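Undergrad: So you can see what is in the structure, the chains are spelled out below.
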Amino acid sequence: MIKNNRIKVSSRNKSFSGFFISLLFLLTFILIFFNKTDNFLASSIKNFGIDVISPITRVISSPITITKNIRLTFNNFRNLESQNLKLREEVIRLKKWQTLAIKNSRENRVFKRLLNSTSHNIDIIKTASVVNQSPGIYTKLITINAGLNYNVNKDMAVINEKGLVGKTIYSSNLNSKVLLINDPSSSIPVKTLSDNSYSILKGSSDGKFLVSSFTQDNKMPRLGDLLVTSGNAKIFPRDILVAKVIRINQDNFIAIPYVDFNNLNYVQVVKSK
Amino acid sequence: MRLISHLNAYYIYNLLLIFIFSIIVNSNNLFSLIYISLYCLFHLLIIYLGIYYYRRSLYFIYFLYGLGLDILWLNEIGPHLMVFMFMLFFFHLSTKYWYNFNSYKIYIIILILQFIIINLEIMFSYLLFQYSISLNYFLQIFFISALVSLPAFLFFSYIDKFK
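Protein sequences, first through last, are from chains E and Z.
Going by the numbering used here, the first sequence opens with residue 1, and the numbers climb by one from there.
Going by the numbering used here, the second sequence opens with residue 1, and the numbers climb by one from there.
Keep in mind that the hints were calculated from the coordinates and are not lab data.
Because the structure is a prediction, the values reported are computed rather than measured.
Glycine included, each C-beta is placed from N, C-alpha and C at the ideal position.
Please note: incorrect hints may appear among the correct ones.
Some chain Z residues close to chain E (C-beta under 10 angstroms, calculated; not the full set) [to be verified]:
hint	residue
1	Ser32
2	Arg56
3	Ser57
4	Phe60
5	Phe63
6	Leu67
7	Asp70
8	Leu72
9	Ile77
10	Pro79
11	Phe86
12	Ile122
13	Tyr131
14	Leu135
15	Asn136
For each label pair, taking beta carbons as the anchor points, the in silico distance ranges come out as [to be verified]:
hint	chain 1	residue 1	chain 2	residue 2	range
16	Z	Met123	E	Phe33	14 to 24 angstroms
17	Z	Asn102	E	Phe214	55 to 65 angstroms
18	E	Asn218	Z	Ile112	43 to 53 angstroms
19	Z	Leu135	E	Val110	50 to 60 angstroms
20	E	Gly224	Z	Tyr107	46 to 56 angstroms
21	Z	Leu150	E	Leu94	47 to 57 angstroms
22	E	Leu27	Z	Tyr54	15 to 25 angstroms
23	E	Lys154	Z	Ser134	24 to 34 angstroms
24	E	Phe40	Z	Met123	23 to 33 angstroms
For reference, chain E alone in the conformation it holds in the complex:
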């Protein structure tokens, strides 16, 4: 009797686990299908992944982060003296620039008043910190700790103190994913500062450079030209610094981005005013 019961229980367990595995396979296909069709369920799972799994994994990997920070602090202390000297020189140089900037800013204000012009300043939605950076094997993404709760939506420009970083491609309640400009699938409409010729840039396959995918009238920029956003795509506000042209080929040109993508700590989500 006991033996019969045991056989029954074990066969019931087996059939249950078989059913559970089949369900997991079915769920796999359903999720892939829903993801392709931008279904609500797929979005909810992504939301959950970004808002819940990310903080947990951050806690688990905190020993590595702490070790890395200690190493960084130690290196900073080691280079303290040389950095201090460099900074002193920098302060002297910047003071000269500051005087010039104040003078220019005053002049600018007066000219604007004379011309009755409106400025096209950008609106800062939120300053956020980078909580996660994808390794860059498949895509070049970062996750920032601002989402729908701070009115950060899809397709908003993201900048830092050096220039254009990327655009938001997905926003959950607490976090947002940002596609970096050095990703091969990104597309940034830019113009040169020298002659206002328009082109579109995308990331190179290794993520180190930006390559032009389109140039208006095949007009190539000059070596060393600065590239700023043209404002054509309505996502990126105008005149944000993007890159500097370093090589010109027969049918495209290569530029080096101003932003250091290996040292992204804080970014700003912005939109045109």
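Since chain E is already given, all that's left is putting chain Z on it; use the hints.
TA: Showing chain Z alone in chain E's frame:
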């Protein structure tokens, strides 16, 4: 020490898997080489666990890891999830044929399997979402896998002693 004595190899592997997963999805400013080594190690561990410690609960664990990697890396659902699930099913069907192989042959098989799995992930991410991978990354993964594999297997065989 007492805690370790209560843990068996299966649990240690799972703890290791969670730890490596957490590091590779939070790779903020980590050196690229360390990161790729951990990425290779994660795949080796997934294969090793699937071959030597196959059990039905692994389907659920691999489902979560596949989903997690897809969401946190690609912001899409598909390549890792699909490959991990089918990989485990393939191991379930095929491991009985490998029992007679010596350790050297198994080592080579696991290495080849790893390359196939990573290639499949790359292929699916391209087919489903047009994500392409640079040759440079691919070669790095190839060489680092080969370099990491031997010390990793030695470490795994040490963990295997915790029965």
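Undergrad: Mind checking the hinted window 23 to 33 angstroms against the Cβ distance between Phe40 (chain E) and Met123 (chain Z)?
TA: Holds - the Cβ-Cβ distance for Phe40 (chain E) and Met123 (chain Z), about 29 angstroms, lies within 23 to 33 angstroms.
Undergrad: Can you let me know if the beta-carbon spacing of Lys154 (chain E) and Ser134 (chain Z) is within 24 to 34 angstroms?
TA: Holds: the Cβ-Cβ distance is about 27 angstroms, inside 24 to 34 angstroms.
Undergrad: Against the range 46 to 56 angstroms, how does the distance between the Cβ atoms of Gly224 (chain E) and Tyr107 (chain Z) compare: consistent or not?
TA: Taking Cβ atoms as reference, Gly224 (chain E) and Tyr107 (chain Z) lie about 53 angstroms apart, which means the hint holds.
Undergrad: Against chain E, run the beta carbon of Arg56 (chain Z) and see if the smallest gap drops under 10 angstroms.
TA: This hint holds: Arg56 (chain Z) lies near chain E, its Cβ roughly 5 angstroms from the closest one there, short of 10 angstroms.
Undergrad: Can you tell me whether the CB distance of Asn218 (chain E) to Ile112 (chain Z) sits inside 43 to 53 angstroms?
TA: 47 angstroms, holds
Undergrad: Double-check Asn136 (chain Z) for me: the hint is only fine if its C-beta lies closer than 10 angstroms to a C-beta in chain E.
TA: 5 angstroms, holds
Undergrad: I want to verify a distance hint. Is the separation of the beta carbons of Asn102 (chain Z) and Phe214 (chain E) within 55 to 65 angstroms?
TA: Once the Cβ atoms are compared, 57 angstroms apart, the range 55 to 65 angstroms for Phe214 (chain E) and Asn102 (chain Z) holds.
Undergrad: So does Leu135 (chain Z) sit 50 to 60 angstroms from Val110 (chain E), Cβ to Cβ?
TA: With a Cβ separation near 56 angstroms, Leu135 (chain Z) and Val110 (chain E) satisfy 50 to 60 angstroms, so the hint holds.
Undergrad: Once the shortest beta carbon distance from Ile122 (chain Z) to chain E is found, is it less than 10 angstroms?
TA: 8 angstroms, holds
Undergrad: How does the Cβ-Cβ distance of Met123 (chain Z) and Phe33 (chain E) compare with 14 to 24 angstroms: does it lie in that range?
TA: About 19 angstroms separates the Cβ atoms of Met123 (chain Z) and Phe33 (chain E), which means 14 to 24 angstroms holds.
Undergrad: Hey, does the Phe60 (chain Z) contact hint survive, CB to chain E under 10 angstroms?
TA: 7 angstroms, holds
Undergrad: Taking the least C-beta to C-beta distance, is Ile77 (chain Z) closer than 10 angstroms to chain E?
TA: Status holds, d = 4 angstroms.
The structure fails none of the hints (numbered hints given earlier).
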